[in-house]
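Each chain is listed here by its residues.
Protein chains: 2
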Amino acid sequence: MTEPFTFQLEARSGRGRAGVFTTPHGNLLTPVFAPVGTLATVKAVTPAQLSELAPHLVLANTYHLYLRPGDKLVAEMGGLHNFMQWHGPMLTDSGGFQVFSLASSRKVDDDGVTFKSHTDGSLHRFTPEKAIEIQENLGADIIMAFDECATPYDRPYIERAMQRTHAWAVRCKDAKKRPDQALFGIVQGGIFPDLRIRSAEFIASLDFPGYAIGGLSVGETKEEMHLALETVEPVLPADRPRYLMGVGTPEDLVNGVLRGIDIFDCVLPTRLARHNAAITRSERLNMVNAVYTHDPHPIENNCTCYTCRNFSRAYIRHLVVCKEMLAGILLSIHNIHVLLQITRELRQAVLEDRLQVYADEFFTRLRKNQDEIPVDVRPE
Amino acid sequence: MTEPFTFQLEARSGRGRAGVFTTPHGNLLTPVFAPVGTLATVKAVTPAQLSELAPHLVLANTYHLYLRPGDKLVAEMGGLHNFMQWHGPMLTDSGGFQVFSLASSRKVDDDGVTFKSHTDGSLHRFTPEKAIEIQENLGADIIMAFDECATPYDRPYIERAMQRTHAWAVRCKDAKKRPDQALFGIVQGGIFPDLRIRSAEFIASLDFPGYAIGGLSVGETKEEMHLALETVEPVLPADRPRYLMGVGTPEDLVNGVLRGIDIFDCVLPTRLARHNAAITRSERLNMVNAVYTHDPHPIENNCTCYTCRNFSRAYIRHLVVCKEMLAGILLSIHNIHVLLQITRELRQAVLEDRLQVYADEFFTRLRKNQDEIPVDVRPE
Numbered sequence: 121m122t123e124p125f126t127f128q129l130e131a132r133s134g135r136g137r138a139g140v141f142t143t144p145h146g147n148l149l150t151p152v153f154a155p156v157g158t159l160a161t162v163k164a165v166t167p168a169q170l171s172e173l174a175p176h177l178v179l180a181n182t183y184h185l186y187l188r189p190g191d192k193l194v195a196e197m198g199g200l201h202n203f204m205q206w207h208g209p210m211l212t213d214s215g216g217f218q219v220f221s222l223a224s225s226r227k228v229d230d231d232g233v234t235f236k237s238h239t240d241g242s243l244h245r246f247t248p249e250k251a252i253e254i255q256e257n258l259g260a261d262i263i264m265a266f267d268e269c270a271t272p273y274d275r276p277y278i279e280r281a282m283q284r285t286h287a288w289a290v291r292c293k294d295a296k297k298r299p300d301q302a303l304f305g306i307v308q309g310g311i312f313p314d315l316r317i318r319s320a321e322f323i324a325s326l327d328f329p330g331y332a333i334g335g336l337s338v339g340e341t342k343e344e345m346h347l348a349l350e351t352v353e354p355v356l357p358a359d360r361p362r363y364l365m366g367v368g369t370p371e372d373l374v375n376g377v378l379r380g381i382d383i384f385d386c387v388l389p390t391r392l393a394r395h396n397a398a399i400t401r402s403e404r405l406n407m408v409n410a411v412y413t414h415d416p417h418p419i420e421n422n423c424t425c426y427t428c429r430n431f432s433r434a435y436i437r438h439l440v441v442c443k444e445m446l447a448g449i450l451l452s453i454h455n456i457h458v459l460l461q462i463t464r465e466l467r468q469a470v471l472e473d474r475l476q477v478y479a480d481e482f483f484t485r486l487r488k489n490q491d492e493i494p495v496d497v498r499p500e
Numbered sequence: 121m122t123e124p125f126t127f128q129l130e131a132r133s134g135r136g137r138a139g140v141f142t143t144p145h146g147n148l149l150t151p152v153f154a155p156v157g158t159l160a161t162v163k164a165v166t167p168a169q170l171s172e173l174a175p176h177l178v179l180a181n182t183y184h185l186y187l188r189p190g191d192k193l194v195a196e197m198g199g200l201h202n203f204m205q206w207h208g209p210m211l212t213d214s215g216g217f218q219v220f221s222l223a224s225s226r227k228v229d230d231d232g233v234t235f236k237s238h239t240d241g242s243l244h245r246f247t248p249e250k251a252i253e254i255q256e257n258l259g260a261d262i263i264m265a266f267d268e269c270a271t272p273y274d275r276p277y278i279e280r281a282m283q284r285t286h287a288w289a290v291r292c293k294d295a296k297k298r299p300d301q302a303l304f305g306i307v308q309g310g311i312f313p314d315l316r317i318r319s320a321e322f323i324a325s326l327d328f329p330g331y332a333i334g335g336l337s338v339g340e341t342k343e344e345m346h347l348a349l350e351t352v353e354p355v356l357p358a359d360r361p362r363y364l365m366g367v368g369t370p371e372d373l374v375n376g377v378l379r380g381i382d383i384f385d386c387v388l389p390t391r392l393a394r395h396n397a398a399i400t401r402s403e404r405l406n407m408v409n410a411v412y413t414h415d416p417h418p419i420e421n422n423c424t425c426y427t428c429r430n431f432s433r434a435y436i437r438h439l440v441v442c443k444e445m446l447a448g449i450l451l452s453i454h455n456i457h458v459l460l461q462i463t464r465e466l467r468q469a470v471l472e473d474r475l476q477v478y479a480d481e482f483f484t485r486l487r488k489n490q491d492e493i494p495v496d497v498r499p500e
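As you go down the protein sequences, you meet chains R and F in turn.
Sequential numbering from 121 applies to the first sequence in our numbering.
Sequential numbering from 121 applies to the second sequence in our numbering.
Check each hint, because a few of them may be wrong.
For identical chains, the list gives no copy identity; a pair is met inside one copy or between any two copies.
[Stated by the list, open to error] Below, computed lysine-lysine pairings styled on DSSO-like, alpha-carbon distance capped at 30 angstroms:
| id | residue 1 | residue 2 |
| --- | --- | --- |
| 1 | Lys443 | Lys297 |
| 2 | Lys342 | Lys236 |
| 3 | Lys293 | Lys236 |
| 4 | Lys443 | Lys192 |
| 5 | Lys236 | Lys192 |
| 6 | Lys443 | Lys342 |
Bear in mind the hints are in silico, worked out from the structure with no lab data behind them.
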């Protein structure tokens, strides 16, 4: 691992970890949750509002930004940090997930993937080298190896995709030029423990400054996700951060940290906000519900976010009913705050070696209505 | 005029005026422009962002809030200021304009108006007494007499509507109970100077703490609007503020102050923002235009708003093309700032007795493309 990227493990509690990952734009205090700024904007909030929420990491999407406005334009505007005026640490994914979930007319070969844009049907080709070139143009602090994200149950396909992901990881490492970016490798292998172990061993052998666990939260059960994490955890080097891509819900964060995960990202808080839903420690609230019509309380008592410090459920319900933009704005602020606050608490619990106690209390508080507001939490 | 509402005229420059109107929630330094918070939210911005823009007055709509969430609910939540967390001076209109422009199946009689809601078709009735009751529940600092807003050219109808407006003004004054609200009278009379004079004389005789000029910006020409203002100006008492309702564009503000207007409101800045348009001192920019694709400059050079201090036209165009919420947010912030800044400059020009010079420079700078982005600026 080369400067400026270092990972220092500060404490452990069970398998849970607290650490510091340094980047040219600041430090990630892990565990860390990254709000997603798909198209170079975390939907509905300004960078100033985001700053107040104080995330240590913000994600943007390579596939989306390559298509619009184009990575060359972003580079011309001084890179992502300058373009979107976010001056803290940033991460771009490799585009792999979106090519395999959003694009159409996909043709994969060992060299790369040809696909049609989901926005205008135009034809494009990503290779490992191209994914690195785009990410070097975008200029995030952490960039990701180009991978093939397979569906979780088809073993022959998963094995083929995994082998391609391994070959592509080597090519990404070779293609990478910028010293001010850290390239993370991605472990694949679906729900199969033997494949996960083979993948983690191979990717770890390439000596990346960080490792992502890909191909999860794509249709498998929570038990299968947890088993995959538990399988990979002992194989990955303890002195590098581990990133669980595209996850999660509050309970996913707790379950991930319990299984040694350091970095998370998810569209959940902003997407739920646009579906009128508020995240709390115990449940999801559908703010259109008439029960909130006369409710003078904040979304969540004792919450310190701007929304809860100022506005009643009655006001937010009124905004939701009237389809006012402010509803999505205030709910996004609250929902992002809750996920960031939970990761801050998880970090503190690890530092004080009481992670399991924190997790037990968390799950006791959790009501079982989490699926009443069905929202697709897969990356955009 | 009773405390806490006093108007002190500080300076004149030609017919232009600078003054201070005191309210229980703070002072209006006039000329003043009020952003419109139709449904108890200035669309796309939080109260915190609005505070930074520092408007001295914010408007909300009686008709809309009566329907949703209901004035009784707003009262139960501590009134408009508390409900929407705006703690500066506020004004509510009387609902008259919306009843006559939005509602359907309208039946007017001398006692009031029966109409169907534009949201759900339910049947309602407004009388002068009801309009005051609703506005007392909402609790703004300035409330408006219930008036009948006629189309500008039908003289017999305008005369009948004017007489009704006069009778209703007397009833509103009698119905008003709260001492912490100032009730403004409304002058009608369409484009006919003799009717405007009769109306201004009658309404002025009722000794309101402020006077509004209604029934303008509803289809008449700019020349007709200016003539109406010039006709009414000498008739209205000089020691009370004059409010030109539902106006305007940057040039309307300058033209209004030149003709003795002190208070303006308009949906223009936020509505243009939602149509991807930016207001500048010289023109309107359609931010979807490909000419901005690579433009690293702010919307307006030397503009001190949050948007222009941080973001390029290229970034804003990207947000507009991708239909990101942040586009409407950043454009709303900029557009509101421009109109507030122009009124601040107009005030300064009056204080320094150089209003005509300011206006001449303003109109010289103005490019003649103002109508290239057609946007309905009538109140919502």
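Comparing the hints with the structure gives:
1. Lys443 with Lys297: Neither: 47 angstroms inside a copy, 34 angstroms across copies.
2. Lys342 with Lys236: neither (32 angstroms within a copy, 52 angstroms between copies)
3. Lys293 with Lys236: Answer is within: at 26 angstroms inside a copy they meet the 30 angstroms cutoff, but 67 angstroms across does not.
4. Lys443 with Lys192: between (36 angstroms within a copy, 21 angstroms between copies)
5. Lys236 with Lys192: Answer is within; shortest intra-copy Cα gap is 19 angstroms, inter-copy 54 angstroms.
6. Lys443 with Lys342: Neither, since 34 angstroms and 34 angstroms both go past 30 angstroms.
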